[in-house]
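Using the sequences provided together with the hints, build the complete structure.
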Amino acid sequence: MNGRVIKFEGPVHAQADRLLPWYVNGTLDDDERVQVEHHLAECAPCRQEAAWLRAVQEQFAEQADKDEVSPKLRRLHRRVARLHGAPRAASAWHGREKTLAWLAALQAAVILGLSVIVLHPQHDSYRTLSAPGSQDALLVVMFDPRTREAQMRELVRSSHARIVGGPTEVGAYVLRVPEARSAATRKMLLGSPQVTLVEDLSAGGHP
Amino acid sequence: MRSRRAGSAGDGVSVDEEAALLARVAAEERDAFEALYRLYSPRLQRFVRGMTRQTALVEEILDDTMMVVWRKAYTFNHQSKVSTWIFAIAYRQSLKALKRLGAPEETDLDERTESSAPGPDDTLQQQEVRKHLDDALHTLSPEQRAVMELTYYFGYACREIAEIMGCPVDTVKTRMFYARRKLKASLASRREAI
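Those protein sequence lines, which keep their order, are chains A and B.
Under our numbering, the first residue of the first sequence carries the number 1, and numbering increases by one thereafter.
Under our numbering, the first residue of the second sequence carries the number 1001, and numbering increases by one thereafter.
Hint data in this document are derived by calculation from the structure and do not stem from the laboratory.
Quick reminder that beta carbons are idealized off the backbone N, C-alpha and C, glycines included.
Any given hint could turn out to be false.
Unchecked claim - Far from chain A by the CB rule (all over 12 Å, computed), these chain B residues:
{"#": "1", "residue": "Q1054"}
{"#": "2", "residue": "D1063"}
{"#": "3", "residue": "R1071"}
{"#": "4", "residue": "K1072"}
{"#": "5", "residue": "F1076"}
{"#": "6", "residue": "H1078"}
{"#": "7", "residue": "S1080"}
{"#": "8", "residue": "T1123"}
{"#": "9", "residue": "M1176"}
{"#": "10", "residue": "R1190"}
As the list claims (entries may be wrong) - Here are some chain B residues pointing at chain A (derived, C-beta under 8 Å):
{"#": "11", "residue": "F1033"}
{"#": "12", "residue": "R1130"}
{"#": "13", "residue": "T1151"}
{"#": "14", "residue": "Y1152"}
{"#": "15", "residue": "C1158"}
{"#": "16", "residue": "A1162"}
Said to hold, decoys possible - Going by beta-carbon spacing under 8 Å, a handful of chain A positions derived as facing chain B:
{"#": "17", "residue": "P21"}
{"#": "18", "residue": "W22"}
{"#": "19", "residue": "T27"}
{"#": "20", "residue": "W52"}
{"#": "21", "residue": "Q59"}
{"#": "22", "residue": "F60"}
{"#": "23", "residue": "A64"}
{"#": "24", "residue": "L155"}
{"#": "25", "residue": "S158"}
Okay, structure coming up:
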């Protein structure tokens, strides 16, 4: 780079300002994040700047949704479903066979793992708040990694579900939903661009 | 929640699995290379297109990048994540392609860029971003666009971006600083033109 590099060792405001882009994208380490948060509490211009940067970030996220770069799990999930339901078009699928098999195995592992965790037999007389009632269905849900926490909360809330497990290592959550609403909730979640996978655990892992 | 995109392994593939895949590429296993290509080509296409703004170059740069990955996979030393390593190659290949194209190199003139317009309120600013961000990004240098893309599209930390771009962390912050200024100036000029 030919440009002059600015040394950011100045006042607290300048330091916090330079960190704001990564405060907004959530990648600061804890010390830096606390430093920025303390400064934001007392600096209106930085709060305004953070709001502007969030708008920028949201715009990039919208582009990402359009590009469909990331929600490949959803697309591949559909491909896996098609693979099970339709005769294989040999030439088109030949090269993808291993990847698809691997993804199917991954998916099965996620569902199996969550099944073991969530459906592990519990003593009849004891039921935790998160344990399913007899009228509840359990859904394994994976969100697009770009989904913000607020979006996820809103999605879960509006689907009348509760998170009762996760995230797992691969980012899957278990949602509890009244059985009567299970189909509608699944449909709603599958239709959301923020959701990449929905499986009904209580139905044996079938989509 | 951290918005995790290409900043770490995506598509349900763990960091370790990606490293294992790259190790197989280093052993010249073609199916591993194809799997890696499928895993990375959409992300790299987006990154290269966003950074260079040269649609005609994207496929060429992607191919060049993946050829370097194929040839140099054995040099991956696990000091960084596979994604960081591959994005660094794509970044260098993009700069090379732009240089071949005769694109001007980054200068320090950016610091003269300053918006003289008064700042609008938050709501108006956010509406401007929604409408005009894509056009405003054209006013940035490729290096500045790379920082914006890596931060907001792919969710990388500043330190990781420094690794990808092969520069100090302060350089990344500087590029972001000027990128923000230029974006605001561009958006403000549109406001004044209305």
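Cut-off 8 Å, beta-carbon criterion: hint that A:P21 touches chain B: Since chain B brings a Cβ to about 5 Å from A:P21, closer than 8 Å, the hint holds.
Interface hint check: B:R1130, Cβ to nearest Cβ on chain A, cutoff 8 Å. Holds or violated? holds (6 Å)
Minimum Cβ-Cβ distance from B:R1071 to chain A exceeds 12 Å: Holds: least Cβ distance 22 Å, greater than 12 Å.
Please verify that the nearest CB of chain A lies beyond 12 Å from B:H1078's CB. Answer for B:H1078: holds, closest chain A Cβ roughly 20 Å.
Status of the hint placing A:A64 at chain B (closest C-beta pair under 8 Å): holds (6 Å)
For the restraint on B:Y1152, tell me whether the closest CB of chain A is nearer than 8 Å. Because about 4 Å separates B:Y1152 from the closest Cβ in chain A, which is inside the 8 Å limit, the hint holds.
Closest C-beta approach of A:W22 to chain B relative to 8 Å, hint status: holds (5 Å)
Find the nearest Cβ of chain A to the Cβ of B:F1076 and say whether that gap is larger than 12 Å. Label holds. Min Cβ-Cβ 21 Å, cutoff 12 Å.
Measuring Cβ to Cβ, find out whether B:K1072 lies farther than 12 Å from everything in chain A. Fine: 23 Å to the nearest Cβ keeps B:K1072 off the interface.
Interface hint check: B:F1033, Cβ to nearest Cβ on chain A, cutoff 8 Å. Holds or violated? With Cβ-Cβ at 12 Å, over 8 Å, it is violated.
Given as non-interface: B:T1123, which should sit over 12 Å from chain A by C-beta: Violated, because the least Cβ-Cβ distance between B:T1123 and chain A comes to about 9 Å, which does not exceed 12 Å.
Identify whether the interface hint at A:F60 stands, where standing means a beta carbon of chain B within less than 8 Å of its own. holds (4 Å)
The structure fails hints 8, 9, 11, 16, 24 and 25 (numbered hints given earlier, in ascending order).
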